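Model the full assembly from the supplied sequences, consistent with the hints where possible.
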Amino acid sequence: MSLPFGVMKKMALFCSFSLLLAGAACADELADANALLQNKAYAQAMQAYTTLANAGNAEAQWHLGEMYWYGEAGAIDDVRADAWFRKAAANGNPSAAAALKVMEQRLARRAEITYWISLYDGAELTSGPLRCPAPRIPAVSKSNDEIDAVAARMQLWQDCYNAFVRNLNSANPLVKRIPADLAALMNQPEMDQAGKYLGEVMTRIAEDGQVGSALVLADFGAWRSATDAYVLEHNRILKNAPSEGRQQDIDARKRNYAPGNAPGK
1 MSLPFGVMKK MALFCSFSLL LAGAACADEL ADANALLQNK AYAQAMQAYT
51 TLANAGNAEA QWHLGEMYWY GEAGAIDDVR ADAWFRKAAA NGNPSAAAAL
101 KVMEQRLARR AEITYWISLY DGAELTSGPL RCPAPRIPAV SKSNDEIDAV
151 AARMQLWQDC YNAFVRNLNS ANPLVKRIPA DLAALMNQPE MDQAGKYLGE
201 VMTRIAEDGQ VGSALVLADF GAWRSATDAY VLEHNRILKN APSEGRQQDI
251 DARKRNYAPG NAPGK
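For the sequence shown, counting from 1, position 26 maps to 26 in this note's numbering; every step adds exactly one.
Mixed in with the good hints there might be a few duds.
Stated by the list, open to error - Per label pair, the in silico range of CB-to-CB distance:
no.: 1; residue 1: Thr114; residue 2: Gly74; range: 15 to 25 Å
no.: 2; residue 1: Asp181; residue 2: Tyr70; range: 18 to 28 Å
no.: 3; residue 1: Gln158; residue 2: Val79; range: 48 to 58 Å
no.: 4; residue 1: Gly128; residue 2: Asn34; range: 20 to 30 Å
no.: 5; residue 1: Asp32; residue 2: Ala183; range: 25 to 35 Å
no.: 6; residue 1: Asn39; residue 2: Asp192; range: 18 to 28 Å
no.: 7; residue 1: Leu232; residue 2: Asp192; range: 52 to 62 Å
no.: 8; residue 1: Pro129; residue 2: Arg204; range: 50 to 60 Å
no.: 9; residue 1: Val79; residue 2: Gln188; range: 13 to 23 Å
no.: 10; residue 1: Glu207; residue 2: Ala163; range: 10 to 20 Å
no.: 11; residue 1: Lys196; residue 2: Gly74; range: 19 to 29 Å
no.: 12; residue 1: Gly128; residue 2: Gly221; range: 22 to 32 Å
Think of the hints as simulated: they come from the structure by calculation, not from any bench.
Being a predicted model, the structure only gives us computed values, none of them experimental.
We put the CB at the ideal spot given by N, CA and C, even for glycine.
Right, dumping it as structure tokens:
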């Protein structure tokens, strides 16, 4: 027995209306979940997204993948993030497809990320023209040539050290040295770890430079004091020495009284 046409039409309209209500309800739930995420109510947002994602909502699946990716669902979980991104991409979500490409790039450049968060040593900041070996400084200098040579070596070191300091200041903070395209692939915990590690590298390089500088300046100060004292004593001796004529007279008298030249011989 077939139903009257009018009844069938009403049932079709009812089914369509029910589907519209279900779609509206789903949209409302997604909007609520998005609001929770925006307000950083991560636990509630995750629960709401999970319900919608399990029901096949592509946008919810994408957001859920992001939460696992960024660690907003607790610890970072790239495996779960990848799984939800793949489901969302399969359901036509373009953002999820883009996220999968980023994850592939992260995997390909994992060694570079590791380098910046745990292996970078700042060697280029202390090498080449920025490597400033301590100048050779004797204990004391006793001639003008020696004094000029030490002063010249000291000036070369001072110029090098000043350039080292200027370059170090311009490089700070060292996170600026992370290539922009690589930084775009790193998540926030990785950037935080890189910032902390690179800050420690910067501190070590700066402290090593300061210690080396202090040692050079201490050696230079000791040399200058010893050299000044020598010059002062040398000048005093010269000042108190007899004149040239007087010295000639003294030398002549010494010869007169030398053995074999004594009076009466």
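Comparing the hints with the structure gives:
1. Thr114 with Gly74: 15 to 25 Å: For Thr114 and Gly74 the Cβ distance comes to about 23 Å; the hint holds.
2. Asp181 with Tyr70: 18 to 28 Å: 19 Å Cβ-Cβ, so the 18 to 28 Å window holds.
3. Gln158 with Val79: 48 to 58 Å: holds (56 Å)
4. Gly128 with Asn34: 20 to 30 Å: Because 53 Å falls outside the window, the suggested range is violated.
5. Asp32 with Ala183: 25 to 35 Å: Since the Cβ atoms of Asp32 and Ala183 sit about 33 Å apart, the hinted range of 25 to 35 Å holds.
6. Asn39 with Asp192: 18 to 28 Å: holds (22 Å)
7. Leu232 with Asp192: 52 to 62 Å: holds (60 Å)
8. Pro129 with Arg204: 50 to 60 Å: Violated, since Pro129 and Arg204 (Cβ atoms, about 21 Å apart) do not stay within the stated range.
9. Val79 with Gln188: 13 to 23 Å: holds (19 Å)
10. Glu207 with Ala163: 10 to 20 Å: holds (18 Å)
11. Lys196 with Gly74: 19 to 29 Å: holds (21 Å)
12. Gly128 with Gly221: 22 to 32 Å: holds (29 Å)
This entry does not satisfy hints 4 and 8, going by the numbered hints stated previously.
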